[in-house]
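Going line by line, the protein sequences match chains L and F. Note that my numbering numbers the first sequence so that position 129 is 129, with each residue one more than the last. Note that my numbering numbers the second sequence so that position 112 is 112, with each residue one more than the last.
Please note: incorrect hints may appear among the correct ones.
The list that follows gives simulated cross-link-like pairs (lysine-lysine, DSS-like), each with its CA atoms no further than 30 Å apart [said to hold, decoys possible]: (1) Lys2/F <-> Lys68/F; (2) Lys2/F <-> Lys32/F; (3) Lys28/L <-> Lys68/F; (4) Lys28/L <-> Lys2/F; (5) Lys68/F <-> Lys139/F; (6) Lys242/L <-> Lys232/L.
Just so you have them, the derived chain L footprint on chain F, three or more residues with Cβ under 8 Å [what the hints assert, rightly or not]: (7) 28-42; (8) 68-79.
Covered stretches of chain L (chain F as the covering partner; in silico rule of three or more C-beta atoms under 8 Å from a C-beta of chain F) [to be verified]: (9) 8-14; (10) 24-36; (11) 101-108.
What the hints contain is simulated information worked out from the structure, not anything from laboratory work. Virtual Cβ for every residue (Gly too), placed ideally from N, Cα, C.
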Amino acid sequence: MRLRGVQRYHWARDVDEALSLLSAYQGKGALLAGGVDLARSPRTDIEGLIDLTGLGLSYVREEEEGGLRVGATTTLAALLGRPETESYAGGVLREALQTVACPAIRHMATLGGAVVSAHPWADIPTLLVALDARGRWRGEREGKAELWDLYQKEFRRIFQAAVLLEIELPPWEGVGAFEKIGRNAGDIALLNACAGLRMSEGRIAEARVAVGARPQRGERLRWLEEALVGEKPNEKLWEKVKEEVRARIEVGEDRRASAEWRREAAGVLVARALVRAAGKAGA
Amino acid sequence: MKIYFELNGRPQYVEVQPGESLLSLLRRLGTKSVREGCGMGECGCCVILLEGKPVRSCILFAPKVQGKKVTTVEGLGSLDNPHPLQRAFVEAGAVQCGFCTPGMILTAYALLAENPSPTPQEVRDYLLGNICRCTGYNKIVDAVLLAAAWKGEGRW
């Protein structure tokens, strides 16, 4: 436990109380869901922890039109164990969740925590950005935005004074696949990618591609998505995808991987995810 | 602050520090099977069962177990009456220094509760967060499969 200096622990009974406590600590309080990140935080200024797990935000609901609503304090293991997760977008949700850390961490970490922490190397933001997921929160007022958009803005400032309530996964008729490269099966990603395809009459009607841990957080490759529409999935297309991604993707280096390696691997990883998505779509 | 929880079936009403880890609390209470390896939630030596699910006690704030059931290896078996999983670890030669063993056994217990007849790969996938620096893992996998076979035979 690296977090030092905690003097009080509160079990918030409702969102109002959580926000009121957060405000009272004037920057020295922290909202706590699973606590996986917070426990490892080197911060020494946090005096109060506000536990959100009693707010009734642990649920998975399937919408009539096919989307999912997931409460922010739902653990990754709870989400993984639900049949709705298996069927959503060709099982991509399940695929990605299974690659996150290990069972003991997945029983602690929450979906909302992963969204708000939004580590650049994390798999969940890449997955959710590709799925056009939306976050709903409450601070001074209620807010709702698509995560890809939220991550472009000052989402960290927003969540300094707001509680994330729910993540919405809109209905989608496409299917997706998730790919990741790490040093071992339980490690964080050196690079991750999520791709989805919706087919119509043998051609790609809609494509979604997100790449994360570049080392920047997962973002959509809109230019590639547009270029794929109307194409027929085949070997030649995937080779072209590899080349284009290598040529155009923005990558950087950190202590874990070089930019050159990420550029090379990104082409392979995106193509691999697209091939699997196409396979699932029967193309 | 005081919290109430159940440890291996016994009620506990104890004083905790608000930022204390469950690992620290359990060791204070004498439950020494729960080990601190990395202290950062990476190695799996400190795994305990919270409401039957494996979690890492070194990064779990102790107040989070308020009103809940915590199980450690002491709650599964004893030297005189070991749990079949513990016996399987001995029989398969899956214990060397033993530091990681309690975390391995509890994680395996959770696996077999979810999936009573796992494949070798499923055992490896479930235990991937538990690090052992001695055995090379093969005998641990053998031990879990042996315990699963005994479970299938109705021996536990």
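Worksheet item: For the segment 8-14 of chain L, do at least 3 residues have a Cβ located nearer than 8 Å to some Cβ of chain F?
Response: holds (count 3)
Worksheet item: Straight-line Cα separation of Lys242/L and Lys232/L no greater than 30 Å?
Response: Holds, at about 16 Å.
Practice prompt. Sort out whether Lys139/F lies within 30 Å of Lys68/F, counting only the CA atoms.
Written response: Outside the cut-off at roughly 33 Å; violated.
Discussion item. Next pair to validate is Lys2/F with Lys68/F; report whether the Cα-Cα distance is within 30 Å.
Written reply: 14 Å, holds
Discussion item. Holds or violated: Lys28/L and Lys68/F, Cα atoms, limit 30 Å.
Written reply: 28 Å, holds
Worksheet item: For the segment 24-36 of chain L, does the count of residues with a C-beta closer than 8 Å to a C-beta of chain F reach 3?
Response: holds (count 3)
Worksheet item: Going straight from one Cα to the other, do Lys2/F and Lys32/F come out at no more than 30 Å?
Response: Judged against 30 Å, a Cα distance of about 21 Å means the pair holds.
Discussion item. Is the listed coverage of the segment 101-108 of chain L by chain F valid when you require three or more residues with a beta carbon under 8 Å from a beta carbon of that chain?
Written reply: n = 7 at 8 Å, threshold three: holds.
Fill in: Given coverage of the segment 28-42 of chain F by chain L, checked by CB-CB distance under 8 Å (3 or more)
holds (count 3)
Discussion item. Lys28/L and Lys2/F were given as a pair; does the straight-line alpha-carbon distance stay at or below 30 Å?
Written reply: 23 Å, holds
Practice prompt. Examine the segment 68-79 of chain F for residues whose CB is less than 8 Å from any CB of chain L, and state whether their number is three or more.
Written response: Violated, because only 0 residues of the segment 68-79 of chain F bring their Cβ atoms closer than 8 Å to Cβ atoms of chain L.
Violation of the numbered hints given earlier is confined to hints 5, 8; the remaining hints are satisfied by the structure.
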